[in-house]
Amino acid sequence: MMPVDISNQLDHLAKILREPMIMESMPRLQLSRTSERERIRKAIDSGIDILADLKSYRNAIASISFLPDELLTDIFYKVMISEGAWYTRWCRLILVCRRWHRVAMNNGKLWSWISDDDSFEYNGERVEVWQTRSRGYPLSFKFSIDQYSSNLLAQNAHRVRLLALVGHTNDFADFFSRIPNFPMLENLRFSLRSSDEHPVTLVNVPSSLVEGRAPRLRRICLENVVFKSPEELQLLANVTHLELIKSLDHDHRDLETALPSLKDIHDTIQQSPALQTLIIRHYVSIDIRDIQSFPTISLPDLGLLDLNMDIQIMTAILQFLTFPHTTHTSYIAHPRFDGPLYIRDIKSLIIHVRRHLQHHQGNRPEIKLSSSWLTYDNNQKYGISAY
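The letter at position 120 of the sequence shown is residue 120 when you use UniProt numbering, and the numbering goes up by one with no holes.
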């Protein structure tokens with residue numbers, strides 16, 4: 001049998017379809033009979049199917065399709081992360097061609113991010129399908145706490161790598177009592193929400209999470225959630241990402257009194273010299289007796305520093321921290337708690353900001369600026385911003 005030249009055949013087919021005489025003859029077709037119209041419709045449908053197959057074939061012969069499955073898998077994962085791991089937009093990749101569909105279905109990592117966001121079209125059936133496709137890969141969960149998510153996490157606690165929980169006060173009460181251990185947990189995010197139906201009350205991080213139940217925990221984010229005591233907060237050791245946030249709209253007396261002191265923050269940071277990200281927003285109790293000098297802490301791996309708080313507390317933190325000049329910084333300094341914002345407070349803060357921005361290369365000093373904002377009221381702010 002003679003070899004088939006696919007490109008020549010396709011070129012010949014294209015010329016036939018574009019032949020002007022055929023297009024001009026279309027109005028002369030005898031289409032009064034139903035059977036004739038149906039025959040043409042079927043022929044057109046068949047042509048549409050052929051075009052779909054041709055598009056799939058075109059995708060299959062693209063340069064990217066000749067990469068090994070392993071490399072194609074890595075590309076898919078990067079696309080998923082860039083599109084938003086919690087969303088399903090990346091799933092369009094599996095429609096490109098049969099091989100891409102097969103590669104994606106065999107990659108458990110792609111199906112291990114499970115959320116209850118509306119964009120995820122969250123339902124029990126979808127979750128079960130994605131769990132099956134994840135093929136035992138460590139799971140990343142993002143849920144509002146309810147009975148279903150509690151059961152789901154209890155069944156998969158041994159596989160959870162990332163856990164992001166949003167809930168109201170009552171939701172947290174019994175949640176962790178059902179789960180003995182998180183042996184794979186590396187990333188933990190707690191966010192407490194309030195509403196008219198769920199008034200603000202104090203919620204504590206379970207002590208057991210820092211007492212051995214999550215031995216691999218390295219990244220933690222707390223929003224409007226606190227530890228029962230400063231000693232428990234200081235049990236956080238060797239973390240690489242620490243994010244402590246109190247929302248300004250989350251005003252509750254018990255929460256204010258439970259916030260760690262400046263010394264507690266210092267001692268906690270000291271336990272994690274390999275910090276890469278440090279974000280603290282209004283998560284420090286304000287007491288003039290805490291404004292003192294502390295031993296210096298070096299954070300050589302710090303890539304992001306984000307401080308949003310009272311200007312005196314911020315100045316004290318910058319006084320005991322040292323970090324690379326390449327660290328990206330963001331400072332929002334609020335008026336001091338014991339009176340109006342005086343120019344000397346700003347000058348004191350600027351001294352420490354400039355100390356961290358100064359970079360020496362040989363005998364030539366070079367100023368390296370990251371984004372830094374100093375606000376002194378709700379409408380105005382001093383800014384230092386450059387890259």
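No lab work stands behind these hints: they were computed from the structure.
Ideal Cβ placement from N, Cα and C applies to all residues, glycine included.
Treat the hints with care, as some may be off.
Once the Cα atoms are required to be at most 25 Å apart in a straight line, the calculated PhoX-like pairs of lysine-lysine come out as [said to hold, decoys possible]:
#1 Lys-55 with Lys-42
#2 Lys-42 with Lys-15
#3 Lys-42 with Lys-78
#4 Lys-347 with Lys-263
#5 Lys-78 with Lys-142
#6 Lys-78 with Lys-15
#7 Lys-263 with Lys-228
#8 Lys-142 with Lys-109
Quick list of the computed label-pair ranges, beta carbon to beta carbon [what the hints assert, rightly or not]:
#9 Gly-84 with Glu-36: 28 to 38 Å
#10 Ile-50 with Arg-216: 49 to 59 Å
#11 Arg-355 with Ile-291: 42 to 52 Å
#12 Ala-274 with Ser-56: 24 to 34 Å
Outcome of the hint check:
1. Lys-55 with Lys-42: Satisfied, since the Cα-Cα distance of roughly 20 Å is no more than 25 Å.
2. Lys-42 with Lys-15: Satisfied, since the Cα-Cα distance of roughly 21 Å is no more than 25 Å.
3. Lys-42 with Lys-78: 42 Å, violated
4. Lys-347 with Lys-263: 23 Å, holds
5. Lys-78 with Lys-142: 19 Å, holds
6. Lys-78 with Lys-15: 41 Å, violated
7. Lys-263 with Lys-228: 16 Å, holds
8. Lys-142 with Lys-109: With Cα atoms ~16 Å apart, Lys-142 and Lys-109 stay inside 25 Å; holds.
9. Gly-84 with Glu-36: 28 to 38 Å: The hint (28 to 38 Å, Cβ to Cβ) is violated, given that Gly-84 and Glu-36 are roughly 51 Å apart.
10. Ile-50 with Arg-216: 49 to 59 Å: 53 Å, holds
11. Arg-355 with Ile-291: 42 to 52 Å: 18 Å, violated
12. Ala-274 with Ser-56: 24 to 34 Å: 48 Å, violated
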